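Chain residues, written in single-letter form:
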Amino acid sequence: MELNRKPEAVTAGTPAGFFQEARTLIKENIREYGMYIALFVIMITFTIMTDGLFMSSRNISNLLDATGYIAVLAVGMTLVIVIRQIDLSVGFAAGFLGAIAAILLTQAGVSMYITIPIILVLGAVLGLINGVLIAKIGIPSFVATLAGMLVFRGALLQITEKTGTIIIKDEHFNAIGNGFIPSIVEVNGLHLLSLVLGLLCIVLYVLSEISTRRNKLKYEFEVISKPIFALKLVFVSAIIAYITWILAQYNGFSWTVVIMLLVVVVYHFLTTRTVLGRHIYAVGSNPEAAHLSGINVKKITYIVFGSMGMLAALSGILFTSRLQSATTTAGTLFELDAIAAAYIGGVSSAGGVGKVTGAIIGAIVMASLSSGMNLLGVGISYQYMIRGGVLAAAVIFDVMTRKKRG
Amino acid sequence: MSENILGMRQISKEFTGVKALASVNFKVKKGEIHCLVGENGAGKSTLMKVLSGVYPYGTYEGDIVFEGAVQQFHKITDSVKAGIVIIYQELALFPDLTVYENIFAGNEVKRGKLVDWNRTIVNAKDMLRKVKLNINPETLVKDLGVGKQQLVEIAKALSKDVKLLILDEPTAALNEDDSENLLQLLRELKTQGITCIMISHKLKEVISIADSATVLRDGQTICTLDGSKGEITENAIIKHMVGREINDIYPKRPNPSIGEDVLELRNWSAFDPQLGRHVAKNVNFHVRKGEIVGIAGLMGSGRTELALSIFGNPKAYKLQGELVLEGVPRKFAHTSDAIGAGIAYVTEDRKGNGLFLAQDIKSNITAAHLRGISTSGVINDNEEVKIASEYKNSMHIKAPSVIQLVGKLSGGNQQKVSLGKWLFVGPKLLILDEPTRGIDVGAKFEIYTIMNKLISEGMSIIMISSELGEVLGMSDRVYVMAEGEIKGELSIAEADQEKIMQLATQ
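For the record, the sequence lines run as chains E and D. In terms of UniProt numbering, the first sequence has 179 at position 179, counting the first letter as 1, and numbering is strictly consecutive. In terms of UniProt numbering, the second sequence has 59 at position 59, counting the first letter as 1, and numbering is strictly consecutive.
Derived by calculation from the structure, the hints in this document are not laboratory data. Computed from a predicted structure; not experimentally measured. Where a beta carbon is used, it is the ideal one built from N, C-alpha and C, also for glycine. Be aware that a few hints might be false.
[As the list claims (entries may be wrong)] A short list of chain D residues far from chain E (calculated; beta carbon distances all over 10 angstroms):
#1 E264
#2 I339
#3 R371
#4 D381
[Stated by the list, open to error] Pairs of lysine-lysine residues, derived as DSBU-like cross-links and limited to a Cα-Cα distance of at most 35 angstroms, are as follows:
#5 D:K142 / D:K163
#6 D:K160 / D:K142
#7 D:K499 / E:K299
#8 D:K75 / D:K49
#9 D:K315 / E:K298
#10 D:K351 / E:K298
#11 D:K408 / E:K403
#12 D:K130 / D:K163
#13 D:K160 / D:K49
#14 E:K299 / D:K386
#15 D:K315 / D:K229
#16 E:K136 / D:K351
#17 D:K408 / E:K216
#18 D:K160 / D:K19
#19 D:K30 / E:K136
#20 D:K487 / D:K229
#21 D:K49 / D:K289
#22 E:K136 / E:K226
#23 D:K252 / D:K30
#24 E:K226 / D:K229
#25 D:K315 / E:K355
#26 D:K499 / D:K444
#27 D:K428 / D:K408
#28 E:K232 / D:K75
#29 D:K386 / E:K216
#30 D:K30 / E:K232
#31 D:K132 / D:K30
#32 D:K19 / E:K298
#33 D:K160 / E:K226
#34 D:K281 / D:K27
#35 E:K216 / D:K315
#36 D:K81 / D:K163
#37 E:K27 / D:K81
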């Protein structure tokens, strides 16, 4: 590594060089960092305004659990928007599929270990139908999924009409939205397994960052200087450690958080490391060029909508389990929350740009706003307006920074 | 003789460093039909855009004198007000509106602030009578054929009290009857005192209709021929169109060792259901191992469409005839099948449908052959960087690293990325569509050198090009296309600029 030192490393030793590099780094990655900075500012502000209540173990745990069902939708929605489409049907699809799950669990008496795969497959099939309408028949996705939204809403009402709210008594199922991973041993009131998981996350993160940097150096790509790199590692590790610490003081990691993390890890890998991921971004950034490169644009559309449907099913399961029941209005406005989260997370409607990790941050930003304002007792009318304002501001910021660099 | 209605004096126009027009002088007499001819890129359309205010006053140098006064057109409506109307090759009609709505679009017949639809229809009928189009003005434009749509455009121009009518390749998309009909109408409009400038590539048409003809070449006026003196002949026009010295240098290559047929097309036709006509008609041709076959022709002659119909047919044309690849008849359902069979197509429009501009060099180079850098669907990043770097070095792609975004590269380097992407696929047959359009001389030479290296390694190349010098300098054999048909095949020994242009302008 020492042999491959880049010229910038010479100045990086001095404090002036350090700050200069930090400044250019922020300037060049303002869009991506902006999102994290915004989240940071929101959290600090609420913590101060609520005298620390916002950052309490209980609140953070609740906040993350409340993010879960929107976050998984936002992940799927990011890919849908990346390929220049939209899916408005996911909210009521989630509600409808959650109700089907409830019926299977209660009236049909099916075990949850069979119910969940059935619901996920059913979701994928519904998503695939959207994909066929859009790619094969050529209906604009806005219209096709708007139709789907109405159909699913009707279907949800239909199956919950006789019974009204369906209460679920299956404890294992309800644990998905309310339960926590077992602690094994409690040490001084701290949740051990959660601490171990948090530590594991930090180790994996540090190792992967170091190996990426080493690879880049091997090919003599530009890398950030050592002090800044070290600072970044320490900073991110500290945040993971802090969140883990907070959660471990309460009940530890909830199943929702674990599922959310799994979805992010799988989709992050899929989008950044696989041929399928490349094809999705290729279709999004230039569909015609993708077709001429031998990529089957229709097939990619089917896959993306199929995955969206499956995640809608997962969202439905998380939400139903959290409420421990299926209601007649489950899923209302989920799709718009997911779209908002994806846009705050940096996806571009021009196609081909957007990260899965961004979508999660976007979802957490929105959930933090709701949570913070609830703690402060802000009226629901103002909450909607403020969240709308934040969404608009995020997109304006995005457009401005893109223009500047373009 | 009669006075000039239009004089364009010393017109120069530059696009970021490229001179499109250099001190062009262009005069048109009142009441004549004046044809403007020249190769693609000679500056004809640019000159007409300057005249009609598309390029506003101040963005070019020189004067426009119309009806005796110097004019300053800041926008298109200014030139329309003066009586100059331009009709583009791609018609500017609204297909889902009626004929009468189209004729008066932007020029509505009003009573007070509101549109007077009754009077609009009556006036539209008048205009249609003038262009001898016997249709109901309430017909939708999309239900008309291209020939009739063209007449609606002219009716629209007449409704604006046109004095000087400009037509950009009006007959390019028309069949012979419709073309003859249109030319007849122009002659009649002439008797009513309307002056007409027509850009055309069909020399027979020019000879039959022009009172005078001006030849442009490389942004300069070469000459104006006078029809009344019998100066407008096919030979004279072609001579002036192509008279350029070929001083581009083409790299030498050792005598090619040409082998068996790699690709053969037999009675190959492609019908475009959207345009409602054949884009390639009854094409017979073959390409052998280790040779460069040039396909010459003017823009819109069906060369790109032919290439796409071979390359997995992404535009979903209706195909007829036989495609034989290395002795085996093949049918491709998708571009991926064509790629799998060893065909690669480097597009003419690298920014539009060739590259992923928002992605980096390495992702672009591997985009068509991700299988080559992945195991069971997972990409090997190291392998990708290694391969992309090899192409970057061997093709001299100038960029700090392979993670540079392609959108930030110069045209020449983008073209090399585009070419590298297809070389990584490892094709037997490489179709290059305008391989050096819009790139500088140095990069051109590098691309020619790469081409020579490829055929010496046994690849076959089809090179579609509008640059005659390139066709003559690089090909082993030349096909000339016009109107979707192969108009002739020339060995490189017998081919010259005049012969190619003669076949291309049939």
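Going through the hints against the structure:
no.	hint	in the structure
1	E264	holds, 23 angstroms
2	I339	violated, 4 angstroms
3	R371	violated, 7 angstroms
4	D381	violated, 7 angstroms
5	D:K142 / D:K163	holds, 28 angstroms
6	D:K160 / D:K142	holds, 23 angstroms
7	D:K499 / E:K299	violated, 47 angstroms
8	D:K75 / D:K49	holds, 10 angstroms
9	D:K315 / E:K298	holds, 14 angstroms
10	D:K351 / E:K298	holds, 22 angstroms
11	D:K408 / E:K403	holds, 14 angstroms
12	D:K130 / D:K163	holds, 15 angstroms
13	D:K160 / D:K49	holds, 18 angstroms
14	E:K299 / D:K386	holds, 30 angstroms
15	D:K315 / D:K229	violated, 48 angstroms
16	E:K136 / D:K351	holds, 27 angstroms
17	D:K408 / E:K216	holds, 21 angstroms
18	D:K160 / D:K19	holds, 33 angstroms
19	D:K30 / E:K136	violated, 56 angstroms
20	D:K487 / D:K229	holds, 31 angstroms
21	D:K49 / D:K289	violated, 45 angstroms
22	E:K136 / E:K226	violated, 51 angstroms
23	D:K252 / D:K30	violated, 52 angstroms
24	E:K226 / D:K229	violated, 81 angstroms
25	D:K315 / E:K355	holds, 31 angstroms
26	D:K499 / D:K444	holds, 25 angstroms
27	D:K428 / D:K408	holds, 31 angstroms
28	E:K232 / D:K75	violated, 54 angstroms
29	D:K386 / E:K216	holds, 12 angstroms
30	D:K30 / E:K232	violated, 75 angstroms
31	D:K132 / D:K30	holds, 24 angstroms
32	D:K19 / E:K298	violated, 43 angstroms
33	D:K160 / E:K226	violated, 70 angstroms
34	D:K281 / D:K27	violated, 39 angstroms
35	E:K216 / D:K315	violated, 41 angstroms
36	D:K81 / D:K163	holds, 10 angstroms
37	E:K27 / D:K81	violated, 50 angstroms
Hints 2, 3, 4, 7, 15, 19, 21, 22, 23, 24, 28, 30, 32, 33, 34, 35, 37 from the list above are not met by this structure, while the remaining hints are.
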